[in-house]
Amino acid sequence: MYHTTLGQTHFSFADLRDLLAKASVLKSGDELAGLAASSAAEREAARCCLAGLPLNLFLSELLIPYETDEVTRLIVDSHDAAAFVPVSGLSVGAFRDWLLSDMASPAALSALSSGLTPEMVAAVCKLMRNQDLVLVARKCQVVTRFRNTIGLRGHFSTRLQPNHPTDDRRGILASTLDGLMFGAGDAVIGVNPALDSVDACTGLLHMLDELRQSLNIPTQSCVLTHVTNTIACIERGAPVDLVFQSVAGTQGANAGFGIDLSLLDEAHAAAQSLQRGAVFPDGRRGQNVMYFETGQGSALSSGAHCGVDQQTMEARAYAVARRYQPLLVNTVVGFIGPEYLYDGKQIIRAGLEDHFCGKLLGLPMGCDVCYTNHAEADSDDMDVLLTMLGAAGANFIMGVPGADDIMLNYQSTSFHDAWYVRKVFGRPPAPEFAAWLEGVGLTSGGELQLPFAGLLRERLLELGR
Amino acid sequence: MSDEPGTLTPWDNLRRYTDARIAQGRVGTSVPTAELLKFQQAHALARDAVHAEADFSALSQSGLGQYAALHVRSRAAHRSEYLRRPDLGRRLHPDSARLLQAARTDPPPDVLMMVSDGLSALSVRQAQPLLDVLLPGLLALGLNTAPLLLATQARVALADEAAVILGARLVIHLIGERPGLSSPDSLGAYLTYQPTMQTLDSARNCVSNIRPAGLDAGTAARRLLYLAAEALRRGLSGVDLKDESAGPNTVLNPTTP
Numbered sequence: 001m002y003h004t005t006l007g008q009t010h011f012s013f014a015d016l017r018d019l020l021a022k023a024s025v026l027k028s029g030d031e032l033a034g035l036a037a038s039s040a041a042e043r044e045a046a047r048c049c050l051a052g053l054p055l056n057l058f059l060s061e062l063l064i065p066y067e068t069d070e071v072t073r074l075i076v077d078s079h080d081a082a083a084f085v086p087v088s089g090l091s092v093g094a095f096r097d098w099l100l101s102d103m104a105s106p107a108a109l110s111a112l113s114s115g116l117t118p119e120m121v122a123a124v125c126k127l128m129r130n131q132d133l134v135l136v137a138r139k140c141q142v143v144t145r146f147r148n149t150i151g152l153r154g155h156f157s158t159r160l161q162p163n164h165p166t167d168d169r170r171g172i173l174a175s176t177l178d179g180l181m182f183g184a185g186d187a188v189i190g191v192n193p194a195l196d197s198v199d200a201c202t203g204l205l206h207m208l209d210e211l212r213q214s215l216n217i218p219t220q221s222c223v224l225t226h227v228t229n230t231i232a233c234i235e236r237g238a239p240v241d242l243v244f245q246s247v248a249g250t251q252g253a254n255a256g257f258g259i260d261l262s263l264l265d266e267a268h269a270a271a272q273s274l275q276r277g278a279v280f281p282d283g284r285r286g287q288n289v290m291y292f293e294t295g296q297g298s299a300l301s302s303g304a305h306c307g308v309d310q311q312t313m314e315a316r317a318y319a320v321a322r323r324y325q326p327l328l329v330n331t332v333v334g335f336i337g338p339e340y341l342y343d344g345k346q347i348i349r350a351g352l353e354d355h356f357c358g359k360l361l362g363l364p365m366g367c368d369v370c371y372t373n374h375a376e377a378d379s380d381d382m383d384v385l386l387t388m389l390g391a392a393g394a395n396f397i398m399g400v401p402g403a404d405d406i407m408l409n410y411q412s413t414s415f416h417d418a419w420y421v422r423k424v425f426g427r428p429p430a431p432e433f434a435a436w437l438e439g440v441g442l443t444s445g446g447e448l449q450l451p452f453a454g455l456l457r458e459r460l461l462e463l464g465r
Numbered sequence: 466m467s468d469e470p471g472t473l474t475p476w477d478n479l480r481r482y483t484d485a486r487i488a489q490g491r492v493g494t495s496v497p498t499a500e501l502l503k504f505q506q507a508h509a510l511a512r513d514a515v516h517a518e519a520d521f522s523a524l525s526q527s528g529l530g531q532y533a534a535l536h537v538r539s540r541a542a543h544r545s546e547y548l549r550r551p552d553l554g555r556r557l558h559p560d561s562a563r564l565l566q567a568a569r570t571d572p573p574p575d576v577l578m579m580v581s582d583g584l585s586a587l588s589v590r591q592a593q594p595l596l597d598v599l600l601p602g603l604l605a606l607g608l609n610t611a612p613l614l615l616a617t618q619a620r621v622a623l624a625d626e627a628a629v630i631l632g633a634r635l636v637i638h639l640i641g642e643r644p645g646l647s648s649p650d651s652l653g654a655y656l657t658y659q660p661t662m663q664t665l666d667s668a669r670n671c672v673s674n675i676r677p678a679g680l681d682a683g684t685a686a687r688r689l690l691y692l693a694a695e696a697l698r699r700g701l702s703g704v705d706l707k708d709e710s711a712g713p714n715t716v717l718n719p720t721t722p
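The listed protein sequences derive, respectively, from chains W and E.
Under the working numbering, the first residue of the first sequence carries the number 1, and numbering increases by one thereafter.
Under the working numbering, the first residue of the second sequence carries the number 466, and numbering increases by one thereafter.
One or more hints might be untrue.
[Stated by the list, open to error] Here are the simulated distance ranges between beta carbons:
1) Gly237(W) with Gly683(E): 28 to 38 Å
2) Val492(E) with Glu438(W): 20 to 30 Å
3) Asp560(E) with Ala255(W): 26 to 36 Å
4) Ala678(E) with Asp380(W): 26 to 36 Å
5) Asp560(E) with Ala83(W): 54 to 64 Å
6) Glu438(W) with Arg480(E): 23 to 33 Å
Derived by calculation from the structure, the hints in this document are not laboratory data.
We treat Cβ as the ideally placed atom computed from N, Cα and C, and that holds for glycine.
Same shape as in the complex, but just chain W (with noise of 0.2 Å):
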């Protein structure tokens, strides 16, 4: 039990999952749970409450149990002690302050993330205003690599997302080129498929391979199946660059998706083993293997919040994702609906909260900035949060044609976004990619040109013929 007073009011909470979900900014998704803070004063008293706890709290006293909870059982067995020592003597609040404080220097924050765990990282983001998340998150660099060098400092990628809603494959190839044409696709080139069957997945697989191959770009593709429809698709030795896989933060929910760790294991050692990563100058091969998707409110969907804060059960996500050094992360924010994020209000909020998490806790965080036509939201929240993650330097965000993706039925960005994020923060694409960019006309000097010439042109030619 957790107390405070409040001017004359008192205030107490029931334990710590209740002083954390009450501490929360106001979220449809934690009122629709039942878990959310009852009026403003309530929230803040818990916030005070909050900031005085020490940090190492959260290494006893655990919000989902240890002994039912596979999730827990990797968050404790995985965490760095000495890692932690530089903060392990703090208080919540201290801690913010610590964060936003010039000790914490992008190297100091990158040693001590291992030493984090996802409900530390989850109670000083309740804490923290927008402007704190964006602060702090722009001093974690986490860079990772395959067949190009993503989330390197000053740098911005796109994943381009050619979807089609019955997977025609001319379809997929008119937006891939189109993306293409704009200089989008260095995160990866991933189709979410119609058709989830191994045989469509497999056909899509090589026609995006033979496409990357044939224009010879420095990127990867990825069908973003169920892993299991991956692991067959590699059994059958389909070109499968990246394993992608919505994960969540308690086993329950993971369950929910029909993963546990154990496949994910199987998948990313399946995955590995294939070596299809680039070699790069220093002789290493690109080994991150996995793309993650997560998204505030996909625990309570499925049933299985355990009593948790939906902003809270989303960084523990983090740590299932954490365990594969995955290439990219992204946080799918607007997509679940109004009932777990009502508005562009708390929308922008939940992207800031995610990707400052993610990157806190070592993980390559891109969003995908989007909407729902069911949410009381639209393209000027989008460009808020667009803008405010390009300051705070998110790895990547997603390149849909005109922002509007016929197949999930959803808003997203589009190529066009990406190029105000360039401009407006000079951020260029992968380097390796840039230089394919400049190297084939698309850019010159980073400026977007049209090529008249060349192997991608002919290819449109070639298929609008």
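Using the hints, position chain E against chain W.
Coordinates of chain E only, in the frame set by chain W:
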């Protein structure tokens, strides 16, 4: 090179392959005015589709022939409650639960089918051509079906509770998907073997994007008949039931209403 926005993306002939917003042109690197206005108009139409009410009159009056239909509703009283409270959309209103209890049969049906508004009431217009193939197909498989349920303010799991009450072994739920900008009326079909009130999404098979410009109703119906026969033969559905007929078998479709 001209400064016309469209001339900077001269591959609009590729639009014949996709409804995606490709070859939009650019002003500098931004979206030209004409495309911006088109996008905002489409968003306005989709917003309106979310808030429309389902019209089952065509389906229940003329479309079902020998098959009976019953109207049911969830516990969500209205659209705004439905949008914020998916838990209420997964539970039958007590009046509807009583209606189904009174409709129980001995022996119980093999298959229960539900058609519902979900997130796009406009999508129920896709149900008729699907049922035209599906209902005779189930009969041809030797399966008996419960009365068709027409449901409002429904989430996918609403059909689970109905199947539990009626004792059906398999449930197929045709439900309006989240409207997209260019597809405000897309239908999804969720197939679940022996649903319970605790069924996880991973135990469902989904055939999505059923509409004339997406997956046609005949193909969707054949996939569902294949999955229905396999689910009943093998006694399972979901991630362990792969559609080896190379058909849609989207496990955990993220647009699930």
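Cross-check of the supplied hints:
The given range of 28 to 38 Å is respected by Gly237(W) and Gly683(E), whose C-beta atoms sit roughly 33 Å from each other. Between Val492(E) and Glu438(W), the C-beta spacing of about 23 Å keeps the proposed range 20 to 30 Å intact. One distance hint, 26 to 36 Å for the beta-carbon pair Asp560(E) and Ala255(W), holds here, with the actual separation near 34 Å. Taken as a hint, the range 26 to 36 Å holds for the pair Ala678(E) and Asp380(W), whose Cβ atoms sit roughly 29 Å apart.
Between Asp560(E) and Ala83(W) the beta carbon distance is about 59 Å. The supplied range of 54 to 64 Å therefore holds. The hinted range of 23 to 33 Å is satisfied by Glu438(W) and Arg480(E), whose Cβ atoms lie roughly 28 Å apart.
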